[in-house]
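Engineer: Here is how the chains run, residue by residue.
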Amino acid sequence: MPSAMPIRPAATLAATAIGVVLLFAFRTPQAAPPATAVTTPATSPSSNPTPTATPSGAPPLAGSSPTPTATPTPAASGLRSGTFTGQTYSDQYGNLQVQVVISGGRITDVKLLQYPRNEPQSSFISSQALPLLREEVLQAQSAKIDAISGATFTSENYAASVQSALDLARA
Amino acid sequence: MVRAEPVMGTVVTVDIRDEGVPDAAVDGAIAWFHEVDATFSTYRAESEISRISRGELGRSDCSAEVHEVLGLCAEVTRRSGGCFDIHLGGGLDPSGLVKGWSVQRAAEMLQGSGARNFFIGAGGDVVTRGRPAGEQRWRVGIRHPELGDRVAAVLEAGDLAVATSGAYERGEHIVDPRTGRAPVGLLSMTVAGPSLTYADAFATAAFVMGEEGLAWVAGIDGYHALAITADRRMVWTPGMEMLLLRATSPPG
Numbered sequence: 003m004p005s006a007m008p009i010r011p012a013a014t015l016a017a018t019a020i021g022v023v024l025l026f027a028f029r030t031p032q033a034a035p036p037a038t039a040v041t042t043p044a045t046s047p048s049s050n051p052t053p054t055a056t057p058s059g060a061p062p063l064a065g066s067s068p069t070p071t072a073t074p075t076p077a078a079s080g081l082r083s084g085t086f087t088g089q090t091y092s093d094q095y096g097n098l099q100v101q102v103v104i105s106g107g108r109i110t111d112v113k114l115l116q117y118p119r120n121e122p123q124s125s126f127i128s129s130q131a132l133p134l135l136r137e138e139v140l141q142a143q144s145a146k147i148d149a150i151s152g153a154t155f156t157s158e159n160y161a162a163s164v165q166s167a168l169d170l171a172r173a
Numbered sequence: 003m004v005r006a007e008p009v010m011g012t013v014v015t016v017d018i019r020d021e022g023v024p025d026a027a028v029d030g031a032i033a034w035f036h037e038v039d040a041t042f043s044t045y046r047a048e049s050e051i052s053r054i055s056r057g058e059l060g061r062s063d064c065s066a067e068v069h070e071v072l073g074l075c076a077e078v079t080r081r082s083g084g085c086f087d088i089h090l091g092g093g094l095d096p097s098g099l100v101k102g103w104s105v106q107r108a109a110e111m112l113q114g115s116g117a118r119n120f121f122i123g124a125g126g127d128v129v130t131r132g133r134p135a136g137e138q139r140w141r142v143g144i145r146h147p148e149l150g151d152r153v154a155a156v157l158e159a160g161d162l163a164v165a166t167s168g169a170y171e172r173g174e175h176i177v178d179p180r181t182g183r184a185p186v187g188l189l190s191m192t193v194a195g196p197s198l199t200y201a202d203a204f205a206t207a208a209f210v211m212g213e214e215g216l217a218w219v220a221g222i223d224g225y226h227a228l229a230i231t232a233d234r235r236m237v238w239t240p241g242m243e244m245l246l247l248r249a250t251s252p253p254g
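Chains as they are written, first to last, in our numbering: chain A, 3 to 173; chain B, 3 to 254.
Hints listed in this document are in silico derivations from the structure and should not be mistaken for laboratory results.
The C-beta atom is built at its ideal place from N, Cα and C for all residues, glycine as well.
Treat the hints with care, since some could be wrong.
What the hints assert, rightly or not - With the C-beta cut set under 7 Å, the calculated list includes, among others, these residues of chain A facing chain B:
{"id": "1", "residue": "Ser83"}
{"id": "2", "residue": "Gly84"}
{"id": "3", "residue": "Gly106"}
{"id": "4", "residue": "Ile147"}
{"id": "5", "residue": "Asp148"}
{"id": "6", "residue": "Ile150"}
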């Protein structure tokens, strides 16, 4: 067991509320199969070796294979145009399946075909929050963003590479 | 005025939107980051931190800056129940707090030179002050943990500090001090609040805690958290809700 954490008891945890949305990982289509499985956690970062962390180990449900409904055409971004239905994934909160519409190399719509219900045993899931993500996924591609917060780039090679790019930019 | 400087193993960006802030103020901030690098880098054999790690320099003999940082680290270790620990692997590695602390200090320096509207970004740690232009608010994207050129969420703020910890970049290896292993459960943990010194260290500690880290951060006055879980959920505290950029059109 981990050592005792300074976590307040359940009351505080509940009061903490915590909105939850599902995070879409849309990917550049691979050679085959021809559709993008939107929620496929296929390539977790190698530095995150968490066999227990994929959607509760639940395999995609039978009969939920990706189904492209439009002829994919290559785009500059690497995203082909079309409508792509993701595989269904299950966890303790329920099933999730999405459909993504890509046009001109950009995501233009994200539809939730299945999503976890706000059952008592999954009180941290906010069903109201789910549509929010859809908007935010779309906004993320167009909103003017001043700065990015992310885990640290800390490698000498990274710094050196950036430096060389800066040198070119100055030349 | 925008300046980007490779330092501390990353790139520090200083973007000042005010007119009339002297170049010397930015030069001073950049020089400060190089000084911090020389003092705290665990990659430099001659840095104070490396010398303390090797036992060549006693803690009573270290500089005021090192003394301050080690004190802050000890404070976060205590407050996090040991989920933040700079004494792993036998050496001393305060880098989970130093970057945030140094950016926070630099922001204070710039303010002392008259800058009111600016941001500083350092390898994913961000401080914003004032406004980018007119009545706009700063927008800070939270990087998608799997897609480096995408953001998973956007925060809108005036004066704010934002730090994110995660395991998705090579080079950063967060270890759970309680187990000695990499934490599981989260892809990233973002903490926002008034001071980047604490936001940076709290993000590291809360990442180690996993989803429980959200409740821990929520219990700290003024600080908010947003986690991206390994099963692709985004979870955040009520305070973070107020910072999240919301859709202007109703979903449908």
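Engineer: Does each hint hold? Answer for all of them.
Structural biologist: For each hint, the structure was consulted:
1. Ser83: violated, 18 Å
2. Gly84: violated, 19 Å
3. Gly106: Not OK, violated: glycine 106 of chain A not within 7 Å of chain B, min 17 Å.
4. Ile147: holds, 4 Å
5. Asp148: Holds. Min distance 5 Å.
6. Ile150: holds, 5 Å
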